[in-house]
Amino acid sequence: MRKNRIKIFTGLLIFVLVFVACTTAAAETFGADETVSEEPTAKSEITIGLSWNRKDLQLIEAWEDYMALHAKALEDEKGVTINWVINVADGDVTRQASNIEDLISQGVDVIIARAEDGAAICASYNAAKEAGIPFITFDREAQGCTVDAHVGADSFNQAVSAGEAFADLLEANGVKGKCIELLGDLRDQNAVNRSEGWAKVEAERGAWETVLQVPTEYNPDIFISGTKNGFASNPDVNCMFIVTDAGWGLVQNALDEIGKLAKTGEEGHIWIASQDVDIPGYQGLMEGYMDVSTSYDAYYHALEVVKAAYTLAMGESLENNIILVPGRVVTSENVRDTTDLWARDYGDYQE
Amino acid sequence: MKNTNILINRLLKYGLYFALLIIIVFFAYIAPSFITANNFIDMLHTLAPNLIMISGLAFVVLTGAIDFSVGSIAFLAASIGTYLMVVQKVPLIITLSVIVLSAMIAGFLNGIIVEVIKVNPLITTFGTMLAYRGLGYMIGGAKYTPIPESLAQLHNVKIGFLYMDTAVAILIVVILYLIQYRTVFGRHLMAVGNDRENARKLGVKTSSISIRAFVISGFFAGFGSIFYMIQGGYMTPRMGQGLEFTGIAIVVIGGISLFGGEGSILGLLTGIFTFYIVENGLQHIGVSPYIYPFLRGGIIFLAMYADSLKTKFHSLRKVRT
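One line per chain: the protein sequences are A and B, in this order.
FYI, in our numbering the residues of the first sequence are 1 to 351.
FYI, in our numbering the residues of the second sequence are 1 to 321.
Do not rely on the hints blindly, as some may be mistaken.
[Unchecked claim] Between beta-carbon pairs, the in silico distance windows are:
{"#": "1", "chain 1": "A", "residue 1": "Ala203", "chain 2": "B", "residue 2": "Ile6", "range": "33 to 41 Å"}
{"#": "2", "chain 1": "A", "residue 1": "Asp345", "chain 2": "B", "residue 2": "Leu20", "range": "47 to 55 Å"}
{"#": "3", "chain 1": "B", "residue 1": "Pro32", "chain 2": "A", "residue 2": "Glu209", "range": "55 to 63 Å"}
{"#": "4", "chain 1": "A", "residue 1": "Asp188", "chain 2": "B", "residue 2": "Leu178", "range": "53 to 61 Å"}
{"#": "5", "chain 1": "B", "residue 1": "Asn120", "chain 2": "A", "residue 2": "Ala262", "range": "32 to 40 Å"}
{"#": "6", "chain 1": "A", "residue 1": "Lys200", "chain 2": "B", "residue 2": "Ile23", "range": "34 to 42 Å"}
{"#": "7", "chain 1": "B", "residue 1": "Phe294", "chain 2": "A", "residue 2": "Lys307", "range": "53 to 61 Å"}
{"#": "8", "chain 1": "B", "residue 1": "Ile93", "chain 2": "A", "residue 2": "Gln143", "range": "30 to 38 Å"}
{"#": "9", "chain 1": "B", "residue 1": "Tyr305", "chain 2": "A", "residue 2": "Gln106", "range": "43 to 51 Å"}
{"#": "10", "chain 1": "B", "residue 1": "Ala28", "chain 2": "A", "residue 2": "Asp188", "range": "42 to 50 Å"}
{"#": "11", "chain 1": "A", "residue 1": "Gly144", "chain 2": "B", "residue 2": "Ile285", "range": "33 to 41 Å"}
{"#": "12", "chain 1": "A", "residue 1": "Gly144", "chain 2": "B", "residue 2": "Phe185", "range": "19 to 27 Å"}
{"#": "13", "chain 1": "A", "residue 1": "Ala120", "chain 2": "B", "residue 2": "Thr183", "range": "47 to 55 Å"}
[What the hints assert, rightly or not] Quick partial rundown of chain A residues pointing at chain B, CB under 7 Å, derived from the structure:
{"#": "14", "residue": "Ala142"}
{"#": "15", "residue": "Val214"}
{"#": "16", "residue": "Lys228"}
{"#": "17", "residue": "Ile279"}
{"#": "18", "residue": "Thr339"}
If you are wondering where the hints come from, they were derived from the structure by calculation, not from laboratory data.
The beta-carbon is built from N, C-alpha and C at its ideal position, and this holds for glycine as well.
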């Protein structure tokens with residue numbers, strides 16, 4: 001009897017746990033109406049299907065919120081009601097395909113998908129095409145098919161612009177750089193593009209020499225060990241390129257432990273270039289430890305994708321099918337004046 | 001034949017130490033900065049939080065089970081802790097206790113599912129790995145959150161020449177070693193891993209031992225997450241990601257058999273050291289970044305292969321005797 005009660009209790013506990021966890025993956029809706037009308041009346045109402053591959057970063061929350069914000073502005077401007085159907089695949093490629101099938105069967109007017117797998121998403125694109133639904137990839141490009149539109153960041157030029165600004169900075173201060181590069185995950189095309197962008201400016205400007213590349217795989221341990229070991233094996237290093245300033249806090253602690261943490265203008269300052277202006281990077285720039293970063297503009301990504309989705313849903317065509325947002329160069333000098341940084345909206349930093 | 005058996009046995013037992021020595025000599029020869037006391041102290045500092053997190057996992061593996069959810073338990077517990085510390089401004093001592101307690105509850109739930117509902121540990125912990133991480137994201141918002149300064153400033157506190165987290169990690173391994181070999185619980189743990197049915201016949205409460213191993217695994221996952229946050233100064237959404245595989249690989253490299261009942265907790269030190277020393281050495285000699293994943297994968301494969309050879313060899317010997 002007692003054993004049965006334990007079983008029932010445990011079963012209930014598991015049910016609650018699974019239920020709560022599944023709510024992150026369950027279909028979410030926001031907008032004026034949760035039901036999807038099969039035939040929008042003369043396009044006075046459109047429904048956008050949004051398929052997230054996963055929702056494990058604050059950035060994704062920011063994208064979704066900004067999309068809703070821009071959609072609301074578009075509603076007011078155009079007098080069209082925009083409904084959303086959103087689902088999340090929790091990093092599962094097959095689940096994302098099934099989620100997109102659901103969007104197709106619900107008859108959405110356009111699909112936006114952040115692909116878990118750039119190649120696998122082509123099957124979903126083909127299914128949407130057969131159903132006559134325009135398909136937009138977001139942030140991660142499809143590989144092996146040409147979808148109706150792609151909206152994302154221009155990761156190569158993001159690194160180039162940060163590199164150019166960094167070269168200007170080193171030259172202005174009469175510094176010849178010897179840098180450690182903390183790479184991202186080599187399976188991530190954005191990470192590879194960033195490294196190539198950095199290398200391009202290095203070759204063209206000659207303002208620094210990259211003496212060590214450490215692949216971090218975005219693993220926090222390696223941000224720390226890579227920094228420390230890089231300085232141990234190359235004691236004359238005076239600059240770093242960090243693939244994402246989301247890892248800045250880890251690098252900051254590592255620099256602190258080896259006595260290399262100093263603000264811009266202080267003796268022994270290590271010149272830092274990075275990417276994204278993520279929450280820790282925003283803090284690093286505000287505090288004057290980091291020098292240059294290029295923003296990963298969630299606000300503008302969302303703006304562009306909503307505009308593209310609206311245009312395609314209305315049956316119109318886009319001027320450009322590939323829309324890449326280049327990001328803006330943010331320095332410790334201009335960070336306070338740079339508008340629409342998602343890290344400011346979603347971070348807890350206070351001066 | 002007897003001599004060959006002895007040779008194989010010795011090779012399987014001490015081969016790792018020999019390989020480790022060759023690796024150290026190789027890196028020291030190429031990069032003199034590698035073979036310095038500071039580098040080894042730093043390396044121990046970097047690996048300490050992970051060592052704490054997986055030390056309890058070793059107990060689960062010793063029972064012949066597996067726990068894929070260690071990294072997610074650490075993440076969930078740290079998410080709860082960060083929410084309490086940063087958002088609710090709960091006093092530090094209460095928060096730290098809640099982190100450890102919530103991790104123990106997560107471990108207990110794993111144990112109950114495995115032992116009471118009789119779900120395979122691999123399936124159970126694979127499921128809870130996803131569920132716990134999902135819960136953590138819901139609580140913590142999947143963002144990089146700086147921890148309070150009073151806690152973050154402990155990252156460079158030293159005890160003698162060792163960082164605090166290194167000293168704690170070594171102490172934990174020694175305590176767990178004593179538990180393994182000097183307590184009834186430790187002996188029962190090994191008995192369950194060796195032959196569960198026989199252990200049960202001999203009066204060992206096998207389910208209770210297994211549940212306790214999962215609770216211990218949860219406890220150390222939570223405890224380690226505190227040091228992880230201290231070291232980085234942030235609660236990161238990537239905390240514990242990948243630990244489900246590297247953790248098990250480290251345990252196996254350290255000589256604890258995946259089939260249970262064999263190996264010493266002290267082996268964890270060798271296991272984690274081997275794993276990190278290659279990474280560390282490569283960073284010192286500055287090789288192409290594409291070599292890293294190849295070598296990481298190679299080490300895991302060799303460890304698993306050696307474990308399977310060892311098990312096969314011991315089974316053969318048992319049959320012959």
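So, going through the hints one by one against the coordinates:
For the hinted restraint 33 to 41 Å between Ala203 (chain A) and Ile6 (chain B), the CB-CB distance of approximately 58 Å leaves it violated. Separated by about 49 Å at the C-beta atoms, Asp345 (chain A) and Leu20 (chain B) satisfy the suggested range of 47 to 55 Å. Look at Pro32 (chain B) against Glu209 (chain A): about 21 Å separates their beta carbons, and that is not inside 55 to 63 Å. Asp188 (chain A) and Leu178 (chain B) have their C-beta atoms about 44 Å apart, which leaves the hinted 53 to 61 Å range violated.
For Asn120 (chain B) paired with Ala262 (chain A), a C-beta distance near 54 Å fails the hint of 32 to 40 Å. A hinted range of 34 to 42 Å holds for the C-beta pair Lys200 (chain A) and Ile23 (chain B), which are about 35 Å apart. A C-beta distance of roughly 43 Å is found between Phe294 (chain B) and Lys307 (chain A), which places it outside the suggested range of 53 to 61 Å. Between Ile93 (chain B) and Gln143 (chain A) the C-beta distance comes to about 51 Å, which lies outside the given range of 30 to 38 Å.
The beta-carbon spacing between Tyr305 (chain B) and Gln106 (chain A), approximately 49 Å, falls within the hinted interval of 43 to 51 Å. In this structure the hint that Ala28 (chain B) and Asp188 (chain A) lie 42 to 50 Å apart at CB is violated, the actual value being about 33 Å. Taking 33 to 41 Å as the suggested C-beta distance range, the pair Gly144 (chain A) and Ile285 (chain B) conforms, at roughly 37 Å. Remark: the range hint 19 to 27 Å for Gly144 (chain A) to Phe185 (chain B) is contradicted by a beta-carbon distance near 56 Å.
Separation of Ala120 (chain A) from Thr183 (chain B) is about 51 Å and conforms to the stated range, judged on CB atoms against 47 to 55 Å. Because the beta carbon of Ala142 (chain A) sits about 25 Å from the nearest beta carbon in chain B, more than 7 Å, this interface hint is broken. Look at Val214 (chain A): its Cβ gets to within about 6 Å of chain B, closer than 7 Å, so that hint holds up. Given the 7 Å rule on beta carbons, the hint for Lys228 (chain A) holds: about 5 Å separates it from the nearest Cβ of chain B.
Checking Ile279 (chain A) against chain B: minimum C-beta separation of about 5 Å stays under 7 Å; hint holds. Annotation: interface hint on Thr339 (chain A) violated; nearest CB of chain B at approximately 21 Å, more than 7 Å.
Checked against the numbered hints above, the structure violates hints 1, 3, 4, 5, 7, 8, 10, 12, 14, 18; every other hint is satisfied.
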